[in-house]
Amino acid sequence: MPDSILDNVMIRASAGTGKTFQLTSRYLRLLLAGAEPGEILATTFTRKAAAEILDRVMVRLAEAAQNDQACQELGEDLNLPNLQSKQCVIQLEKLLQNLHRVQICTLDSFFLQIARSFSLDLGLPSSWKILEEFEEQRLREQAIQAVLQHESTQEISRLMHLMTKGEAERSIGELLRETVNRLYRAYLETSRAAWEQFPQLQGLGDDEINQAIDHLRDADLPDSAALNKAHQQNYEQALQNDWEQFIKKGVAKSVKDGKPNYGSTPIPVPIRQAYEKLIRHTKAILVRQLSNQTSATYQLIDKFNNAYEALKQNTRSQRFEDITRRLGDTAEDNNLDLVEFRLDQRVAHILLDEFQDTSASQWKVLRPFARRITSGKPVRVNATRSSIRPGSPSNDEAASRETERNLPPSFFCVGDAKQAIYGWRGGVAEIFEALEEELGDLKTHELARSFRSSQVIIDTVNEIFSKATHHDNLGISANAVCRWCELFPEHSTAKTELPGYACLVAVPQGAKDEDREDIKLQFAARRILDIVQNSPFQSVGVLARRNKVVGRLVFELQRLGVSASEEGGNPLTDSAAVQLLLSTLRLADHPGDLIAREHVAHSPLGKHLGLQSGKDDAQACRVSQNLRKALLEHGYGVCLYRWSNELSPLCNTRDWRRLTQLVDTAYVYDSHATLRSGDFVRHIETHHVLDPSTHPVRVMTVHQAKGLQFDSVVLVDLDSPLRGQPPPYVVGRASPIAPINEVCIYRNENIQSLLPARIQNLFQQAVSREVAEDLCVLYVALTRAVHALHMIIAPARSRTAKTPRSAAGILRTALAGELPGEGGAVLYEHGDPHWYEKAATAPRPSRRTTSSIPIQSKSGPFVMAHRANPSDEIGTKLRRVSPSSLEGGPRTHLSDILCLGNSESRSRGSLFHKWFEQIHWLDDGKPGVEQLRTAARGIDVGQLDLKLEIEQFMTCLEQDNVSQLLRRSFYLNADKFRPHADDQASEHLEVRNEQRFAVRDKQQLLTGVIDRLVLIYAAGDLLSADIVDFKTDHLFPGDTEQLHKRQAFYEPQLESYRRAVQRMFSLPADRTTARLLFTFSGNHHKTSVS
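Per numbering that gives the first Met the number 0: the sequence shown = residues 0 to 1089.
No lab work stands behind these hints: they were computed from the structure.
Backbone N, C-alpha and C fix where the C-beta goes; we use that ideal spot for every residue, glycine too.
Fair warning: there could be bad hints in the mix.
Said to hold, decoys possible - Have a look at the derived ranges for each label pair, beta carbon to beta carbon:
id, residue 1, residue 2, range
1, S797, V928, 51 to 61 Å
2, E989, I594, 54 to 64 Å
3, L335, D514, 56 to 66 Å
4, S170, P755, 27 to 37 Å
5, D615, L956, 58 to 68 Å
6, S108, S797, 53 to 63 Å
Whenever a hint applies, use it, and build me the whole structure from the sequences.
Structure below.
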């Protein structure tokens, strides 16, 4: 066994260098060296990332277990040249048998395990639960109302007066709500002392103030109109005790800044001395005000927290952050033996992913485990409850007896301070950099060789961050930019053979009355259209910093006919159909809401609800009462489900998705519903829901793109200032991993200059953190690209305008040099603009994203099934189920779960399904070659020969059973579609390809897509329905045993389609058939009627 497996390691892994590969390799190496699955704690930050780690571990083991070549490659990766498939089989069996003990999870999940084992010790209520997002919002609002109602008005007003200096323009409730939202995190991490660290400065007495002001009045001023005017304004401000305005400008500001002149006029010494005395007084006044504001803020939040904690205790609820904080507060006192005894397993090996995003409170919980492991002391493993029971033989004694069969403990973490983009939610990147000092003997490795991006992309990234410091207008951000770039290692790539292209483009100048943001987004949309048309088989990621830009850009793309998914996350209110249902709920909440009345009355829902006029008060009251009654009797899920049925025939695909998400949210909300439907409306208006869909263009925020890659990346939101909105507060720590010991409410730079040097330093540190995080966001955005990178920025306002302090300004400086940023100009180009012509033959990197098809579908309208029995609909939460997940029934083969099949087969299946979608009836002719090529755009065909695949598809259509099923004669006047002898012969057929559906099936929501649905009508009435599901499984001719196995495997999926169609069209079971069509063998199999 190589010594390296025992090393305590910290890896600084740049983007695309294989962080997940490194972590899964370490995990597999530990398993193969004898570690038990339950001994290894591997953590990350999202459930998706944790699932990916487990998937990769399982798939790499499974492939090596069944394939000698894969086993050899795994051995090379793990430095185990003698690795055999049999060893992998053994480890895979062990892993599967111990899945319940495997600890590949999020940090929150691991902390919850500990907290549930120590509920009483932590002071948690019995049967506590984690708050849902809308529950948390509701409890916060209730706590705010409790403070306003139960605290004395005089006390609340006093605190508000101190916080706002008596200048409040909003209600007390609004101010309290904003204060809690902005500063509650800081409150939770501090004590009161941290908010009271201001020096008490002595100001002037009344007589001294009057004397100093008199000196200003009587001063002998030089002959300067500008100085005289500024002096007069300062004098009037001093008379009014307006000290903040006094030092903001004029002569007072020049004296404060240590300037001898005002403009070009020298300031006489007597005048300067008078000003200096008043400036010292101003400093004392403003520091005292800031001290009062900060202290009052703490007191106000403390009152809120007392009410909030009482509500959480009464509802037995906690937030994830509460659990982490409680564990962190007791972490140093924890007996790790006792913790592991209650967890029923030891933590002998720690693997931490994305460590740069770890918060201070999370590290407080992890630190005792990490310190024990890296201390060199043995850790007893393979333990059971009996062997680690407190009072059993000492850890050292037990470990010495087990040395022969146990690995020494080990610590491994991987991260990248350049990708620390979650400071806004508590991540402290400095903890990662302080690990070496914190834990002692760690071996560090720097990975800067990309296995993702082409040479062109890497060249561009290196160019940007090697020249970013050339920016001549960074102001106070300059030092932070320099520090960040000094730590940037030059990148290289293993993908030197990949073609690539990068460009920086300035948006054309628009008319003066045009919105600059609109011009930029419209230009970006047109450029994305060009990219899709030129390289239709490539994935495109469009990245923005702000969610609102994501939504607006998707709208512009849709106007151009470009199919795009919106993954940045927005409230469901971005759908017209959802807006209508929310108006319905507003009407239920208050019949006097005239806007909601008019909206519903003039909508397709008005007639269904009985509201024909928005001006009829009596009618509106009656409808409102009926709506409230329905909500009380059936719940939000059922009511919204029914109302969605009325709208579904009018919905496009996106509105259908948003309606489905609204219904899902409503069923979850039902168990927490209040008597006011307005509460649900407010939840929907503030709750962000992703709108992912399978399209070649994916639009999202940079934060959403973390961990993803795209063939082409378009950056459209680069003009925001490096320092955006100022932070609500700044904090101080004794060290990066120490708790917060000082808090100061944010104030502008003019007042900052009056503060003690220690507090001024807090503001400078905050600037550095903001700028560093902005550069991290830029770095993450740039490094998502595999082949092409398109950077779109606003044009320079004029030839003489200063370079903006923004990501766009840094790009212009680094890539365009002295070129003016004229509108419409290409400021930088590198590589081949026609890279996509070579990409088809170039080796492709492994991909985490897949593309789809920007072709108009021939699918039928979306159907949400009507319910025959309303009582069946009543429930609390629906579990979403897709028919494909039912394949194989309750048992399925491991290879099907791990997707170990041939990737070419999966690509071929996607192609054939898309091509069958082009066929309405073969009677009308077969699709042409060009039509099939067009339909294939956006599908990742891998190494498939498209010409050969088209030939195979055409051959498939020649098979008798396939051809027969796709012709009208198979259905017209056929007795098999007339279950009863007296049924009339069919006279009309309707085909719906790719029929989407969402139906309630007991306590689950069955959603999916039917490949081909044929509806048979007689005398204008729906007689029966036939479902066809295309399968591209390869079956050998005459192999009936394998045919029957595949039929049995797909039977549950087809049965779910039958149930869905029965609900959708109110058809009895004997009038609904479903059949499999095995395209390569020509066999088709009809399911039995149940």
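Could you see if the CB distance from D615 to L956 stays within 58 to 68 Å? holds, 59 Å
Taking 51 to 61 Å as the stated bounds, is the beta-carbon spacing between S797 and V928 within them? Holds - the Cβ-Cβ distance for S797 and V928, about 54 Å, lies within 51 to 61 Å.
Do the Cβ positions of E989 and I594 conform to the proposed distance bound of 54 to 64 Å? Cβ of E989 to Cβ of I594: about 40 Å, so the range 54 to 64 Å is violated.
Is the distance from the Cβ of L335 to the Cβ of D514 consistent with 56 to 66 Å? Since the Cβ atoms of L335 and D514 sit about 59 Å apart, the hinted range of 56 to 66 Å holds.
Verify the CB-CB distance for S170 and P755 against the hinted window 27 to 37 Å. holds, 34 Å
Is 53 to 63 Å respected by the C-beta to C-beta distance linking S108 and S797? holds, 54 Å
In this structure, only the earlier hint numbered 2 is contradicted, and the remaining ones agree with it.
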